[in-house]
Amino acid sequence: MIVCVAVVGHQNNPLYIQSFTEADDALKLHHIVHCSLDVVDERVNNPKKSGPTLNETFLGLLYPTENYKVYGYLTNTKVKFILVTTDLDVRDADVRNFFRRFHSAYVDAVSNPFHVPGKKITSRTFAERVSNIVKSFGLSSTG
Amino acid sequence: MEEYPEELRTPPVALVALVGCPELHAVISTHLHSEQPPINTLALPDFSKISLISKTPKQPPHSAQSLGIFKRDWLLKHRTRVPSVVAALFTSDHVSGDPAQWLQLCTDLENLKLGNIFAELSNTYYRDEGRRIKTCLERKSISSVELSIRYCFKVAVYAEFRRDWVEALRFYEDAYYTLREMIGTSTRLPAIQRLVEIKTVAEQLHFKILTLLLHGGKVVEAITWFHQHNTSYKGLVGAPEVNFLHWEWLSRQFLVLAELLDMTSATIQSTVIATDKLSEWEFSSAYYYQLAAHYLKEKRSCFELTLSMSETASDIDGNAESVAPSVYVGQFARLLEQGDTYTMQPITDEEYVRYALAEGKRFQDSFEIIALLKKSFESYTNFKAQRMASYCEFKMAREYFSVNEFGNAKLLFDSIASLYRKEGWVTLLWEVLGYLRECSRILGSVKDFVEYSLEMAALPVSIAGVQSLSSKECGPADPASLSQREIIHKEVFELVRGESGLASNEENNSVRVTGDQPLHLEIDLVSPLRVVLLASVAFHEQIVKPGAPTLLTLSFLSQLPHTVEIDQLEIQFNQSVCNFTIVNGQRPQSAAISNVQPGHRVETAPALMLSTNKWLRLTYDIKSDQSGKLECVSGPHFTICCRAESPASMNDLPLWKFEDRVETFPTKDPGLSFSGQKATQVEEPDPLVDLQLGVSGPALVGEIFAIPITISAKGHAVHSGELKINLVDTRGGGLLSPREVEPFSTDNLHVELLGVSGLESEDDNIRKIQHSFGLISVPFLNEGDSWSCNLEIKWYRPKPVMLYVSLGYSPHSSEPNAQKVNVHKSLEIEGKTAVVFSHQYMLPFRRDPLLFSKIKPGPDSDQMASLPLNETSILIVTAKNSTEVPLQLLSMFIEVDDDDIGSLAQCNTGLRTLQTLHSSCLEKSSRRFSLSFPR
Chain A
1 MIVCVAVVGH QNNPLYIQSF TEADDALKLH HIVHCSLDVV DERVNNPKKS GPTLNETFLG
61 LLYPTENYKV YGYLTNTKVK FILVTTDLDV RDADVRNFFR RFHSAYVDAV SNPFHVPGKK
121 ITSRTFAERV SNIVKSFGLS STG
Chain B
144 MEEYPEELRT PPVALVALVG CPELHAVIST HLHSEQPPIN TLALPDFSKI SLISKTPKQP
204 PHSAQSLGIF KRDWLLKHRT RVPSVVAALF TSDHVSGDPA QWLQLCTDLE NLKLGNIFAE
264 LSNTYYRDEG RRIKTCLERK SISSVELSIR YCFKVAVYAE FRRDWVEALR FYEDAYYTLR
324 EMIGTSTRLP AIQRLVEIKT VAEQLHFKIL TLLLHGGKVV EAITWFHQHN TSYKGLVGAP
384 EVNFLHWEWL SRQFLVLAEL LDMTSATIQS TVIATDKLSE WEFSSAYYYQ LAAHYLKEKR
444 SCFELTLSMS ETASDIDGNA ESVAPSVYVG QFARLLEQGD TYTMQPITDE EYVRYALAEG
504 KRFQDSFEII ALLKKSFESY TNFKAQRMAS YCEFKMAREY FSVNEFGNAK LLFDSIASLY
564 RKEGWVTLLW EVLGYLRECS RILGSVKDFV EYSLEMAALP VSIAGVQSLS SKECGPADPA
624 SLSQREIIHK EVFELVRGES GLASNEENNS VRVTGDQPLH LEIDLVSPLR VVLLASVAFH
684 EQIVKPGAPT LLTLSFLSQL PHTVEIDQLE IQFNQSVCNF TIVNGQRPQS AAISNVQPGH
744 RVETAPALML STNKWLRLTY DIKSDQSGKL ECVSGPHFTI CCRAESPASM NDLPLWKFED
804 RVETFPTKDP GLSFSGQKAT QVEEPDPLVD LQLGVSGPAL VGEIFAIPIT ISAKGHAVHS
864 GELKINLVDT RGGGLLSPRE VEPFSTDNLH VELLGVSGLE SEDDNIRKIQ HSFGLISVPF
924 LNEGDSWSCN LEIKWYRPKP VMLYVSLGYS PHSSEPNAQK VNVHKSLEIE GKTAVVFSHQ
984 YMLPFRRDPL LFSKIKPGPD SDQMASLPLN ETSILIVTAK NSTEVPLQLL SMFIEVDDDD
1044 IGSLAQCNTG LRTLQTLHSS CLEKSSRRFS LSFPR
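Protein chains in written order, with the numbering used here: chain A, 1 to 143; chain B, 144 to 1078.
Isolated chain B (complex conformation):
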């Protein structure tokens, strides 16, 4: 759009001239320019300069033919040199007249609104000019089509001066259609130049129409108009020697639309909705930038073809010098110098072609194409259309590639490749990888070259469903096929074996993989090279005892087209003692690999051949510990480090997962394939130490109850032993009462761990004693030794309690982080009150013969019972001995409060007789007495 002259890009502004009184011009100009709509001024200091704007008498147009459609400078002339109104300014002393009218003049001057009067007058002028030409048009007296177009254009411009957009649009369209009809009929100019002129004029008219439509907010109409413009001119390629001009022109049409859309998009975006005929993409500039780039590429290829065909490319430059744009839009002429003046001489088509070629050589199309694609890419990215954006990136990268900017190209190709990998578009990925491989070859990056080559060789392209593509469009890599994969495979393995070098552009040295420059590739869980080498490791057991052997299956899978022979496999674990190496038995020379340390385990496998899509399975026994990294070594200078994967959690191979083929498993045992893990849990060894808790009888409330603990080391020595003691309420709820407000007050404490006795030095051994928790250290015990102590626990309330004791020790050393072995013991201990008395009334219907044993001391036994009046009630008094000592019950008194009501006092006397009746032995059992209350 910047190529268009300023007067075409902006709407015309009315022009007025000021003559005389130059000191006022600045004020007036500023004022008029700030009017709405603004007015431009042409200031002439005095009347002597008036001839500047005088009209040169025009010769009537050539009766037969006009020389062009319209003149290049006509629009500029009317915007800057031909005023619509001339205002002459005089100072009052220059004015003389009838003094009677003087007052009237002053009043008129006061009422004069300068802006309005100028606007009115210039409007009138432009309207009259427009009308004048319109009349000519309507009279149909115009001799040529050119004039008719010119008149339409002029009417439209005058309408624009008046801001009459509707009329302007109508006449621009008229001019455009008339011009289109000219294509077949005009013979004024030689064929090539004729078409160039028509297209140039059409471009200007089209641009005007497009701008007017877009500024009027008619986006749908503008785009429809554009399509129509595109359709009517797209086919007019013209002569083959200048067809590049056509593509350049077409590209510019798209670019201009894209730029106009970008300018207006801020205001229109919200209102545009896809219509039936236009999709949403046709409203986005991205689409048009992309097409502009496309046609510019077309232009470049045509231009290069034309250039290569023109025999005398060198003399193109010489002849073209004096050719310049002529006075008519879209025409070119030779400038002839005649003394001080220049004259224009028409040129032949041959001359014009030479001129166009010389002009074309001045431009670097590739950078223009990249810039267009970049705009398109950014716009698509804003739309979150990542695939379209990627396609633009791809085209950009190809452009960079073609101008030998391999670094830029590689960056872009890399980002596209990841999208195609993700979505499994193998043919597209192949093409991109082909470019990447070529870029890294030229840049001399061996590692990248090997990686891209390996990935290409392992792509699923031999499978049915992928068409063979022609080599023309495939870029540096030949079309994807199995044979091509095999060639790449062979090439890359020759390179990594050091048999061949990589010819790169860097100082013309071929890069080799040698002992000095070994090559190391890493394949992790997300690497695209998983298709090249997939390593899976499965322990046959999920939990093993330390020192006990378990089996480990290593499985490898490769999708490379040829069999790969591995020299050596190094398996590394997170516990390096377990590391071992597998060497290929068929390669005796490589068995003496230097980096094998003494004591390192080396296994020899009969063959380490990796065939295409066939698991190589190796099973070895291994003692203890978890796996970490698995390292695979191949070739003297080429290593691949592969992260081991668990078969159970292994992802499908990217790309290959979409292929229709038989599933294979990394291990022979399918169960292991589904559940196998690359890590195993190593248990702690079995304890060989006895822990005994000796308990005699129940504990009694109030006494300090001692529990002896004995540790006897039978098979292990005890290093840094530790006893943990825990008291837990068997019914849950803790050992403190629920209303525990002060946690350490003994009032609320039911059971308490008081301490430990029987220790040699209490200060050293007891590390912590709390109410329900204790920690005691155990001294070193040799095998066969034993050690004991007593726990002292006090019950405050009768309660059963669980006692947990655990011994932790390390069997071998006393280092703090040495492996620990734990022994656990637990015991339930009942806490009881020594002697308990309780009483209960017997309900009336359960008298006499009823069995005593059925009667339990109810929780409400202390409560006041209501007894039937005038009947005998039975009171049961129970005494219970929980101790181990027999107790003799000597006597028992039952008293009744004297304050009570009379009826109960009667009972009192009756009861007294019982006092001496019963005295017997309470031998850790309960005795029951029944009392009857006589009336």
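So that you can see chain A by itself, here it is in the shape it has in the complex:
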């Protein structure tokens, strides 16, 4: 189950962060997303280490915590997407597929002429779309 998704801007500032848990760990998830930016930085600054992920938007598994797995994605405009899931056995294809759909939702949201680039995403449509994508995560990999 996906417990948190986030869009992070150029100054490593959150543009959109939403958690999907009933438990009292939303704040902890914020911390986890924030920590994962260290790994994104490291991957982006040392592309040699990450090997196969060179020149790819999908950054793969960023880091494991005891109960979560954190995945990352870097758009061509250097906006970061972070996904936190409690599934300890996740198929890469599912995650890639999720990020693809999330990216297109993001592109639609920021294409809104009333959206100012670099500001937080407050669109309700975007939030709904994201929650649908999150709900359908892992159900089918064809999506």
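Careful, some of the hints might be misleading.
No farther apart than 25 Å at their CA atoms in a straight line, the calculated lysine-lysine pairs in the PhoX-like style are these [as the list claims (entries may be wrong)]:
#1 B:LYS517 x B:LYS527
#2 B:LYS377 x A:LYS69
#3 A:LYS119 x B:LYS911
#4 B:LYS968 x A:LYS78
Derived by calculation from the structure, the hints in this document are not laboratory data.
Mind docking chain B on chain A? Use the hints.
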């Protein structure tokens, strides 16, 4: 790791015993210990002590069940008390035998290599012991699982004695897997103690495996193994009353791995690359230290819960005294004293729980947690993973907070807050600020409390996109919300108005903001409190004349949730005469503010209300000068000093800049918002003094040319006036010839400023005269007076020159730093040679009717021309008068050198006839004569 016994942490070393000849033992021991691999020795002085190492006849194991998995002292026994080889040493006089063999014995002794023979023999012993037990294992004749594990362990230890790491690893793993299977099946002990025993044994086996893997350089395998270990035991929490034991155990697993990784990291770091399954973080000890801290926290909370639930917490201590670790690893028993001997009696689970609780109370988990987090923090900092390091700092700070070390907590929280501010993580910042606010309240620091409160109240948390968080995890501040901001706003303003106090822990006194202890906050360009109050100042003009009024717009912006009323604004400039105060017209009582000095300008504004995110704009006229500091005063005991910012160069508000909202400008005129500056340039006043340069005609080479200068003071008096004179070549390149080697030699000088005449006292007035520069002081002139002098300039070569004269004076006083006014004048003067003669041949095709006026004296006119043979050539001779005096040309001779070739001599005669022909007036003009050369 320090908790493990020494024999478990280090690889076993073979043990041999020496008996007899005690004087040689030290030498032999040292020698054997320095062997590679080393051998430990057990030295017995004589044979009477041999019984120490004799084997006690063992009873065959209980047929039905064994009492434990393995004995606590078995490993130590084999490392220190059970030798693999016994060497008996005799002196030669104790040996008797066949003398024929004596020689042979001596040779054998000579060839004996002590180290090798011991190593060989002990290897054989350990191999045989291992084999013996292995055979038992293979025969499957073992009655219990416990024995099977014990045998595997023993085989592995014997293999380790032989340094056969592969076999050791295999048998440790066998033992580990067999043990894991035991969990569901064993019934030997009561449930709680059974699990404790299994976990303790598993921990030891796991530790052995991990050490062997890491020492073998197999880091990836070690970490994979660890994950497997973690996965298989993580869920085995056990009975709820002792679940804290499980978390403690789990925390220790992570700690041990982290320590082992730290020990080996120096050698392996370069070789480790992230694999597909493991990320790079899983190779760093930081991650495991952090998790160890996490599970230790889990342990603490479970422990506290258990403790609070146990009804008779007081009698826990009493019963636990006689319980001690038993002879088997992971077991506990009651020690019964029977005369001189002790016997062990099994205990019930209830007794064990009481014992565990009593033991648990002895530890201060918080400090352990902080120590773990600190290690993790340092390790992350080395990796330059500042966010992860900050998260560790945050957890440390929370731990300090929970043990009431507020000073330490505040330091850490402060450093984290700056990172969250920078990156705009509002929810995380809110949480940290909540802690900071609470820390400063308890520490009684009013200023910090007010600052943190104001910052929290001005955080952008009401905006969509921030989820409501539960209060459980938010620390001392309730979850971030608009209503919470409003509460904090109200609280802090009640405090600064002196209406309420701040209840702190310091001597139980509430701290108040009063007249005796006023509160003063500074907000500069980088202060986080810019969101609370942002002040911008814009002059409407970038340059103003002194004394001329200009407009100044002050704009204030606040993100506080409620409207703030300002009592008084004090605007300060770097020129203090311009300072003025704006008072709130709706607060008549505050109009009589004491610190307003007489003559100080006071303006009254109808209202000074700062609404949320709405610019308060005030425009006033101001005379001259630049702005400096802008001071805003609010409340009788509370002042905020705010650095003024220029709208043009103003940075976005931190945090709020990421919010999706309408941009607002500090001034109504958007142009001014983009270009407005907080400083303006004040020009110097217009000069009211005339400077005249009188010149008559061109200057002639060689004459001393005088240029009269007149200064007439029309509207200003002239104080400490100064004339600067500069001569500049109009064509550039200076007034000296390019081949200027000696700069002051007059040979190379083309134009020179000689001096100034017409002065009353030359010594006083001329301060400096150089070839092209002069400085003259002008005496004091009253309004209406005038003063003059003459510049003397000499030309050495014909040359046009620019003369620059500037007069600097101060209109009001003669103080050296009084404001100066400058007048500039310039003039181009041509320097000419008085009379010039030149000649030129006319080219053959431009004869006769051609116009003279077109012919210029070419630069090459002095050069030898080649003329056509046998033809008439025309020579043009030009005379030019540049003076103003008319000159009469009386005669002109043209001569040809007699040495020249014959053809030219002919011309000579022809020319002579011209001598008297022309005599006319040269009146400042040039005359041309044409001469034809007949054949």
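Now for the hints, and whether the structure bears them out:
Among the hinted pairs, B:LYS517 with B:LYS527 is consistent with the structure: their alpha-carbon atoms are about 15 Å apart, no more than 25 Å. As the CA atoms of B:LYS377 and A:LYS69 are separated by approximately 17 Å, the hinted pair is consistent with the 25 Å bound. The hinted pair formed by A:LYS119 and B:LYS911 fails the criterion: a straight-line CA distance of about 66 Å is larger than 25 Å. With a C-alpha separation of about 61 Å, the suggested pair B:LYS968 and A:LYS78 falls outside the 25 Å cut-off, and the hint is violated.
In terms of the numbered hints stated before, the structure departs from hints 3 and 4, listed from lowest to highest.
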